[in-house]
Structures are given as C-alpha cells and as structure tokens.
Amino acid sequence: MISQSTSSPSSFATRWSARVFGAGTFSRTRIWAAGLSALVVCGQGFSQGTAPDSDAFAPTAPEIPLAVEVAALEHAHSDPTLAGSIAFYGSSSIRLWKSLAADFPGCRVVNCGFGGSRLSDCLLYAKRLLAPLRPAGIVIYAGENDLANGVEPEQAMSNLQSLLKFVRANYPKIPIAYLSVKPSPGRKKNFASFRRFNHLAEDYLKTQSDAQFINIGAELVDSRDQPRTELFQSDQIHLNRAGYDVLRKAVGRFLANEGLRPVPPAAVVASAKVGS
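Throughout, the working numbering is defined as the position within the sequence shown, counted from one, plus 1066.
If you're looking for bench data, these hints aren't it; they were derived computationally from the structure.
One thing to keep in mind: the hints can contain errors.
Here are the simulated lysine-lysine pairs, DSS-like style, with alpha carbons at most 25 Å apart [said to hold, decoys possible]: (1) Lys1272 <-> Lys1315; (2) Lys1193 <-> Lys1231; (3) Lys1239 <-> Lys1193; (4) Lys1239 <-> Lys1315; (5) Lys1231 <-> Lys1255; (6) Lys1164 <-> Lys1315; (7) Lys1193 <-> Lys1164; (8) Lys1231 <-> Lys1272.
Now the in silico label distances, taken between C-beta atoms and shown as ranges [as the list claims (entries may be wrong)]: (9) Gln1302 <-> Ser1275: 35 to 43 Å; (10) Pro1238 <-> Glu1296: 39 to 47 Å; (11) Ser1289 <-> Asp1145: 44 to 52 Å; (12) Ala1149 <-> Pro1171: 18 to 26 Å; (13) Glu1285 <-> Lys1255: 17 to 25 Å; (14) Asp1145 <-> Gln1292: 42 to 50 Å; (15) Gln1302 <-> Ser1144: 32 to 40 Å; (16) Asn1281 <-> Gln1221: 19 to 27 Å; (17) Gly1216 <-> Gly1318: 30 to 38 Å; (18) Gln1302 <-> Arg1261: 14 to 22 Å.
Bear in mind that the values here come from a model prediction, so they are computed numbers and not experimental data.
Even for Gly, the Cβ is constructed at its ideal location relative to N, Cα and C.
Between the sequences and the hints, there should be enough to build the whole structure, so can you do that?
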C-alpha cells in the first residue's frame, strides 16, 4: 500500500526513481520525475494502455515501482532515432541483457524489459512502450513471473495470446519470436507449470504466421534434463553472461532467418539504458 504521509507525489516518485534506477541514473530522470505524480498516485498514466477494462490487467499498489520503470522506458523511447528497431520486450531476463547491442552488432536493438513484469503487464504497457519504436521485429520473454507466482499455465497462455494478438493487430507484417520459459534452478517447484505452459505456447505459435517459438530450455539443461546451474547468476533465477550467450545464438538464428539484416554501423542504436 501507499503510505499516507505529508510527502508530495513527486517526492514519492523521486524516491522510487532513485531506488529502482540508482543514484547514477537518477539525474537523467529528474526532468520527468515530477510528471510521474499522476502515474504513480492516480494511475492516470495508464490511460494510453490498450489492455481490456479488466481488473485482471490492472496494476496493484506493490507494482508502483514497476510503473515508474515503465515511465522511464517510455521517456527513453521518445528518441525518434529508435524507430524501426528490433524490440526485446518482457521481464527482467530481458532487462538484464546488458550486452544486447554488442551481441547483435550492426542491428538496431532496443531493450524494452522491465523487472518483475508479467504477461498481463506486458499487454497493459505494450502500446506505450512499443508504439514509439515502430519495431521491425519483436523478441519476447515473459511468463515466468506469472507461473512462479501461481498463475495457472492456461491463464498465462491466455494472456500470451492476448499480447501476441495485440502485437499482430498493430504490426501485421513484422516477425515475432517468443522465448520459452527457462528452467531456472531456483524455481524447480514450478517446473511442471513451466513445461505445461511451454507446450501450450509452442503449439499456439505454430498456428501463427511470421511468429516463432524458440525453445531456449534445451540448451539450459544437461544430459539428465537438469538445469545447468553454471549458466545462472547466484540467485539461480537470472542468467549470467554464459547463459545470455545461449540466448544470443538462438535469437541470432531467428533474426538471420527472418532477414533482419544489420544496418550500417553509423546507424546502430544501443539498448536504452534505464537502470542497473
């Protein structure tokens, strides 16, 4: 809950900006922090979203920091030079992909990840974060947080379908890749849900044009079908550099197959950096 205090709304947003993004990035957000008052306290910033008028898609009070992070991304994406980029969209497994631009040299890539997000959040914020980019392609990783927090695979799949339908309705000709939910060692208790969801997602993606399900899990497990812990950070949930190298190869094949050729070096745009 938001505590009742004498602090101004903009002060609240400022404190969360510093906490979420760190002091080093905070100076870059100062010019828009005051404008987050309506977004953080009143939720007016959600008016640009396109999600259904359902409480199932409405952010709750604990997600206010997520809303601040989204606002920072939206601000960064206002840069017109980012138009026509390949958007990497989803949760913290995207946000923490710090080597994204280096992993795909010569390609315009933009990191649109926001930590802790669920598929329902990705749907809610899709218009605000993707529309300014007018993406040439989209790579999505989301769903793990949903399942890890008890959402049933069928409900998570319904949310993924809604997100993919939104993307296709607004960007009818671009290629879309969905990365399978990874077998994070720290979430072994959820593996049955992960497997069920991945099967549903793979079957659905097979019915969609210009869309591909990328099974990253096959490279993240050993010969005994156990998670390769050396590919994960100490929290055993997020990938380390070696883990992201697995994603780099898989996504690289997708981009090559879809003809998303590199752009001239002078036109390369690095991922928007909005926090650590």
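- Take the C-beta atom of Pro1238 and the C-beta atom of Glu1296, compute their distance, and say whether it sits inside 39 to 47 Å. At roughly 41 Å between Cβ atoms, Glu1296 and Pro1238 fall inside 39 to 47 Å, so the hint holds.
- Task: Using the beta carbons of Asp1145 and Gln1292, state whether their distance is inside 42 to 50 Å or not.
- Result: holds, 43 Å
- Regarding the pair Lys1164 and Lys1315, is the alpha-carbon distance no greater than 25 Å? holds, 16 Å
- Is the hinted range of 14 to 22 Å satisfied by the C-beta distance from Gln1302 to Arg1261? holds, 18 Å
- Query: Lying within 19 to 27 Å: is that true of the beta-carbon distance Asn1281 to Gln1221?
  - Reply: 22 Å Cβ-Cβ, so the 19 to 27 Å window holds.
- Would you mind confirming whether the straight-line C-alpha gap from Lys1239 to Lys1193 stays at or under 25 Å? Holds, at about 17 Å.
- Should the hint that Ser1289 and Asp1145 are 44 to 52 Å apart at their CB atoms be regarded as holding? holds, 46 Å
- Query: Does the hinted range 18 to 26 Å hold for Ala1149 and Pro1171 at CB?
  - Reply: The hinted range 18 to 26 Å holds for Ala1149 and Pro1171, with Cβ atoms some 20 Å apart.
- Message: I want to verify a distance hint. Is the separation of the beta carbons of Gln1302 and Ser1275 within 35 to 43 Å?
- Response: Roughly 37 Å apart at Cβ, these two residues keep to the hinted range, so it holds.
- Query: Given the proposed pairing of Lys1193 with Lys1164, does the C-alpha separation stay at or below 25 Å?
  - Reply: holds, 24 Å
- Query: Are the Cα positions of Lys1272 and Lys1315 separated by 25 Å at most?
  - Reply: holds, 21 Å
- Range hint 17 to 25 Å (beta carbons of Glu1285 and Lys1255) holds or violated: Because 22 Å falls inside the window, the suggested range holds.
Consistency with the previously given hints fails for number 5 only.
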